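For the record, the sequence lines run as chains A and B. Note that my numbering has the first sequence beginning at 1, numbered continuously upward. Note that my numbering has the second sequence beginning at 209, numbered continuously upward.
Quick caveat, the hints were computed from the structure, so don't treat them as lab data. Given the structure is predicted, the values throughout are model-derived calculations rather than measurements. All C-beta atoms, glycine included, are put in the ideal place defined by N, C-alpha and C. Incorrect hints may have been included.
[Claimed, not checked] Where chain B lies over chain A, by a calculated footprint (3+ residues, C-beta under 8 Å): (1) 95–104; (2) 192–204.
[Stated by the list, open to error] Over 12 Å on every C-beta distance to chain B, these chain A residues come out as not near it, computed from the model: (3) K10; (4) K29; (5) D46; (6) S52; (7) V80; (8) K127; (9) A131; (10) G135; (11) K167; (12) V173; (13) I179; (14) F207.
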Amino acid sequence: MGMGSNGELKYEISQNAYIKLVLHSLRHKTAAVNGVLVGRISPKDDGVVEISDSVPLFHSNLALLPPLEISLIMIEEHYVAQGLSIVGYFHANERFDDVELCGVAKNIGDHISRYFPQAPILLLNNKKLEALSKGKERSPVMQLCVKDASKNWRVVGADGGSKLLLKEPSANVILSDYISSEKWKDVTDVDDHLDDVTKDWLNPGLFN
Amino acid sequence: MVTKTEETQLNQLEIQVDNAGGGAWDYLCLVRDLKIRRSEKVLKHGSSILNDPRKRSALGPDEWTLNEQVATAAMDCQCLGVAQNCIKALQKKFPGSKRVGRLEALLLEAKGLWGEAEEAYSSLLEDNPLDQAIHKRRVAISKALGKPSVAIELLTKYLELFMADHDAWRELAELYLSLQMYKQAAFCYEELILSQPTVPLYHLAYADVLYTIGGVENIISARKYYAATIDLTGGKNTRALLGICLCASAIAQLSKGRNKEDKDATAAPELHSLAAAAVEKEYKQKAPDKLQLISSALRSLKI
Chain A
1 MGMGSNGELK YEISQNAYIK LVLHSLRHKT AAVNGVLVGR ISPKDDGVVE ISDSVPLFHS
61 NLALLPPLEI SLIMIEEHYV AQGLSIVGYF HANERFDDVE LCGVAKNIGD HISRYFPQAP
121 ILLLNNKKLE ALSKGKERSP VMQLCVKDAS KNWRVVGADG GSKLLLKEPS ANVILSDYIS
181 SEKWKDVTDV DDHLDDVTKD WLNPGLFN
Chain B
209 MVTKTEETQL NQLEIQVDNA GGGAWDYLCL VRDLKIRRSE KVLKHGSSIL NDPRKRSALG
269 PDEWTLNEQV ATAAMDCQCL GVAQNCIKAL QKKFPGSKRV GRLEALLLEA KGLWGEAEEA
329 YSSLLEDNPL DQAIHKRRVA ISKALGKPSV AIELLTKYLE LFMADHDAWR ELAELYLSLQ
389 MYKQAAFCYE ELILSQPTVP LYHLAYADVL YTIGGVENII SARKYYAATI DLTGGKNTRA
449 LLGICLCASA IAQLSKGRNK EDKDATAAPE LHSLAAAAVE KEYKQKAPDK LQLISSALRS
509 LKI
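Pulled out of the complex, with its shape left as it was, chain A reads as follows (with noise of 0.2 Å):
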């Protein structure tokens, strides 16, 4: 399994992981929440990582450990079966114009990318999110962030090789009109599932 030239990989998120998360974010806006990213390496050209669904994990205390282990261990257990794992980590920090990796989620991505080395963390861009809904946004509302050769995570600017691309070009018009219906606060997390188990952190039918 190779990369594409120098490490430079394209991160494709569909509409649906995409917008699960910013959801989740808007749901709890006040609190640090976070996420984990689901797919695989692209069978078509191994320099592109498919980001085909996501999980919207935590809106309380993101740093603690059993949470996260029982969360990993189910959603392991329940894409598999699709071909499917996790491939990267989604972050959203508390305060608008915080725009810094913390430690928690320096250290959940270095989890993740123990088993899936290609593996990016994503931090939601509050102020793209805000540009959002006076129309003047066209990339992803969210900033990428990958490991660089001495094994630090860095934010990739506009000029840097690997890129965070989404797959349908309409998705943030979708994401747009969702967050018009307030459509967020049907999101459902796996805090909310460890708290009442007849919630379902799958979110079937979120985009019914």
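With chain A's structure known, arrange chain B on it following the hints.
Just chain B now, kept in the frame of chain A:
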């Protein structure tokens, strides 16, 4: 903190009010009593009462409490115009009031005028050095400015004065956790367990922190606190049951080099099987489509 019964009651009332079934004032009172943050709903329903002269006068003196509640909710939703109006009404009714002064300072916070807000709080504190709400707003400002260490410092000083404030201990624990300062967070939960030993959530949180710090001794302790949580909740807490299973697996892993007697002393196989069985039973009853998944997950945690 809110119990499940209280939350259900609140949600039912909320649905009723949302569907124009009346009960807005009861809803607003309940939100106030439970100290829950539902600012959009409070703003919507509170405003509709305040903007209706008949409903407003029907409240009598409660009108002013409602103004305060709506002002705070409006600030949370960044509807600063509404907040300003409520505060003006309160200023007119209670000129020179310190309680209104607090709201004015809160509005400065909402506008992002941190320096002015800090000054306002400092001067309010001069007259009321023991006003708990003002101390806490200063902690909140530090948090908002992205200075968690300052927030921790302020909150620690606050707790030296008001050591019975459980919410403050919890907030401090969460601040420490956000900085991954697990031992300090553990200390906070220890204080909470000492002062309120029958509240299961503190035992659960403490267990989670101990497990996260790691090491055989801590995980054995964590298991005890998960067990205490199960005891206090009549076996109904899924997180605690899963915690037992995680501990069993972790202890087994960490004990690999040890001899058999040591391993047997730390293992608690019946506890583990009972916890796993309880989890499966719960999923069978309430989330049968996830039963296979959780059984598989539990199997992977078996020694």
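Against the structure, the hints come out as follows:
By the rule of at least three residues with a Cβ nearer than 8 Å to a Cβ of chain B, the coverage given for the stretch 95–104 of chain A holds, with 6 such residues. Residue count for the stretch 192–204 of chain A with a Cβ under 8 Å from a Cβ of chain B: 5. That meets the three needed, and the coverage hint holds. Against the 12 Å criterion, K10(A) stays outside the reach of chain B, whose nearest CB is about 31 Å from its own CB. Not every beta carbon of chain B lies more than 12 Å from that of K29(A), the smallest distance being close to 10 Å; the non-interface claim is violated.
Its beta-carbon lying about 29 Å from the closest one in chain B, D46(A) satisfies the requirement of being farther than 12 Å from that chain. For S52(A), the requirement that its beta carbon stay farther than 12 Å from each beta carbon of chain B is met, with the minimum near 19 Å. For V80(A), the non-interface assignment is contradicted: its Cβ lies about 10 Å from the closest Cβ of chain B, within the 12 Å cut-off. For K127(A), the requirement that its beta carbon stay farther than 12 Å from each beta carbon of chain B is met, with the minimum near 15 Å.
The claim that A131(A) lies off the interface holds: its Cβ sits roughly 17 Å from the closest Cβ of chain B, which is beyond the 12 Å cut-off. In this structure G135(A) is separated from chain B by more than 12 Å, as the shortest Cβ-Cβ distance comes to about 20 Å. Non-interface status of K167(A) relative to chain B is upheld: no Cβ of that chain comes within 12 Å, the nearest being about 27 Å off. Every beta carbon of chain B lies more than 12 Å from that of V173(A), the smallest distance being close to 25 Å; the non-interface claim holds.
Distance check on I179(A): its Cβ is at least 14 Å (rounded) from any Cβ of chain B, clearing the 12 Å threshold; non-interface status holds. No Cβ of chain B comes within 12 Å of the Cβ of F207(A); the nearest lies about 19 Å off, and the non-interface call holds.
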